[in-house]
Amino acid sequence: MPDIWYEAAFFQQQAAQRLAEKGDVKLSTAMYNDIIHLYEKAVSGLMKSNQMLHFAYADFEEERRKYDNAKKIYDRLLSQQSVDPSLTYIQLMKFIRRTEGLKQARLVFKRAREDKRNNFHVYEPEIAKRIFDLGLRKFSKDPEYALAYVDFLSNLNEETNTRVVFERLLNSENALAPENSGEIWDKYLDFESQVGDLTSILNVDQRRRATNPHSEEHNSLWLI
Numbered sequence: 001m002p003d004i005w006y007e008a009a010f011f012q013q014q015a016a017q018r019l020a021e022k023g024d025v026k027l028s029t030a031m032y033n034d035i036i037h038l039y040e041k042a043v044s045g046l047m048k049s050n051q052m053l054h055f056a057y058a059d060f061e062e063e064r065r066k067y068d069n070a071k072k073i074y075d076r077l078l079s080q081q082s083v084d085p086s087l088t089y090i091q092l093m094k095f096i097r098r099t100e101g102l103k104q105a106r107l108v109f110k111r112a113r114e115d116k117r118n119n120f121h122v123y124e125p126e127i128a129k130r131i132f133d134l135g136l137r138k139f140s141k142d143p144e145y146a147l148a149y150v151d152f153l154s155n156l157n158e159e160t161n162t163r164v165v166f167e168r169l170l171n172s173e174n175a176l177a178p179e180n181s182g183e184i185w186d187k188y189l190d191f192e193s194q195v196g197d198l199t200s201i202l203n204v205d206q207r208r209r210a211t212n213p214h215s216e217e218h219n220s221l222w223l224i
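Position 199, counted from 1, in the sequence shown is what full-length UniProt numbering calls 199; the numbers after and before it change by one each time, with no gaps.
Since the hints were made in silico from the structure, they are not lab data. Watch out, some of these pointers could steer you wrong.
Below, in silico cross-link-like pairs of lysine-lysine (DSBU-like), each with a Cα-Cα straight-line distance of 30 Å or less [as the list claims (entries may be wrong)]:
(1) K94 to K66
(2) K26 to K41
(3) K138 to K187
(4) K129 to K116
(5) K94 to K72
(6) K141 to K187
(7) K94 to K110
(8) K141 to K72
(9) K129 to K66
(10) K66 to K141
(11) K103 to K66
(12) K187 to K129
(13) K116 to K94
(14) K41 to K103
(15) K94 to K141
(16) K41 to K187
(17) K103 to K116
(18) K110 to K71
(19) K72 to K26
(20) K141 to K116
(21) K66 to K22
(22) K22 to K41
(23) K141 to K110
(24) K71 to K187
(25) K103 to K22
(26) K116 to K138
(27) K71 to K138
(28) K22 to K48
(29) K48 to K66
(30) K41 to K71
(31) K71 to K141
(32) K48 to K141
(33) K103 to K138
(34) K110 to K187
(35) K103 to K141
(36) K110 to K129
(37) K72 to K187
(38) K129 to K141
Use the sequences and the hints to build the structure in full.
Set out below in C-alpha cells:
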C-alpha cells in the first residue's frame, strides 16, 4: 500500500523536473503542488503512521530546499505517541546535520535521548558502540559488518570516532581487502563531504582512487 503512494509521487516528481528543465515553470509548479497534495493525503489518512512515506515526503521538500517544511514533517511523525520514534530521530539528525550543521544535530540527539519511547540504540549509544568495537576484532574483514558499524557511528554525529573507525577498517593490519573496500571508501568520502574540509575530502578521494583505480571518476568530480 505505501509503495503505491510513493511510486505515484515519484512518477509525478520526475515529470515535474522534466517540465522545469524544459522551461515550463507554470506547469511544473502545478505538478509540484499536486505532489504535496498527494503526500498530505497519504500521511493524513491511513498512512499517517507510515515512516517511509513521511521520509519520502521530507526528502521531497528538502530537494526543493523547503527545509522548514521538511522539519515539520519529521516533527509531525514524532508527535504520534504510538509510533516508535527511533528511526525518525536518526533521519531527523541526518537532515539537520546536512541543513543546519553538527551543533543543531546534537540538539536533536539530546532530544532523542530524553524521549522515553526510544529503543536502546538511540539513547544508549555507548553500549552499542562497545558491542560493535568488540565485534570489529573478529569481523574487521567482513564488509557487511564494516558498513553496519560506520552507519551506526554516522548517526551519532561523532566525527573523530567515525574517522578512527574508517581508518581502522581501511588502513590497519586487519584492514579490509582492497577488493572488498569499495563501499567503505565511498562511505568515507561521503562522510568527509558532509563534515570535513576540502583538504580532507581530496585526501580521502585520492586514497580511494589509488586503492580502487577502476572506480567511476564522476563519483569524485562533484566534490571538487
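To see whether the hints hold, each was checked on the structure:
1. K94 to K66: Distance ~16 Å between K94 and K66 Cα, so the pair holds.
2. K26 to K41: Satisfied, since the Cα-Cα distance of roughly 23 Å is no more than 30 Å.
3. K138 to K187: holds, 21 Å
4. K129 to K116: holds, 20 Å
5. K94 to K72: holds, 15 Å
6. K141 to K187: holds, 16 Å
7. K94 to K110: The given pair, whose Cα atoms are some 14 Å apart, holds under the 30 Å limit.
8. K141 to K72: Given that 30 Å is the threshold and the Cα spacing comes to 41 Å, the pair is violated.
9. K129 to K66: violated, 34 Å
10. K66 to K141: Measuring from Cα to Cα gives roughly 41 Å; hence the hint is violated.
11. K103 to K66: With a Cα-Cα distance of about 20 Å, the restraint between K103 and K66 holds, given a limit of 30 Å.
12. K187 to K129: holds, 18 Å
13. K116 to K94: holds, 21 Å
14. K41 to K103: Violated, at about 34 Å.
15. K94 to K141: holds, 27 Å
16. K41 to K187: violated, 35 Å
17. K103 to K116: holds, 23 Å
18. K110 to K71: Within the cut-off at roughly 17 Å; holds.
19. K72 to K26: holds, 26 Å
20. K141 to K116: Not OK: K141 and K116 at ~36 Å, beyond 30 Å, violated.
21. K66 to K22: Status holds; Cα separation ~22 Å.
22. K22 to K41: holds, 29 Å
23. K141 to K110: violated, 33 Å
24. K71 to K187: Holds, at about 25 Å.
25. K103 to K22: violated, 39 Å
26. K116 to K138: violated, 33 Å
27. K71 to K138: violated, 40 Å
28. K22 to K48: With Cα atoms ~35 Å apart, K22 and K48 exceed 30 Å; violated.
29. K48 to K66: With a Cα-Cα distance of about 21 Å, the restraint between K48 and K66 holds, given a limit of 30 Å.
30. K41 to K71: holds, 18 Å
31. K71 to K141: violated, 38 Å
32. K48 to K141: violated, 41 Å
33. K103 to K138: violated, 34 Å
34. K110 to K187: Status holds; Cα separation ~25 Å.
35. K103 to K141: violated, 33 Å
36. K110 to K129: Holds - the C-alpha atoms of K129 and K110 are around 17 Å apart, at most 30 Å.
37. K72 to K187: holds, 28 Å
38. K129 to K141: holds, 18 Å
Violated hints for the displayed structure, listed by number in ascending order: 8, 9, 10, 14, 16, 20, 23, 25, 26, 27, 28, 31, 32, 33 and 35.
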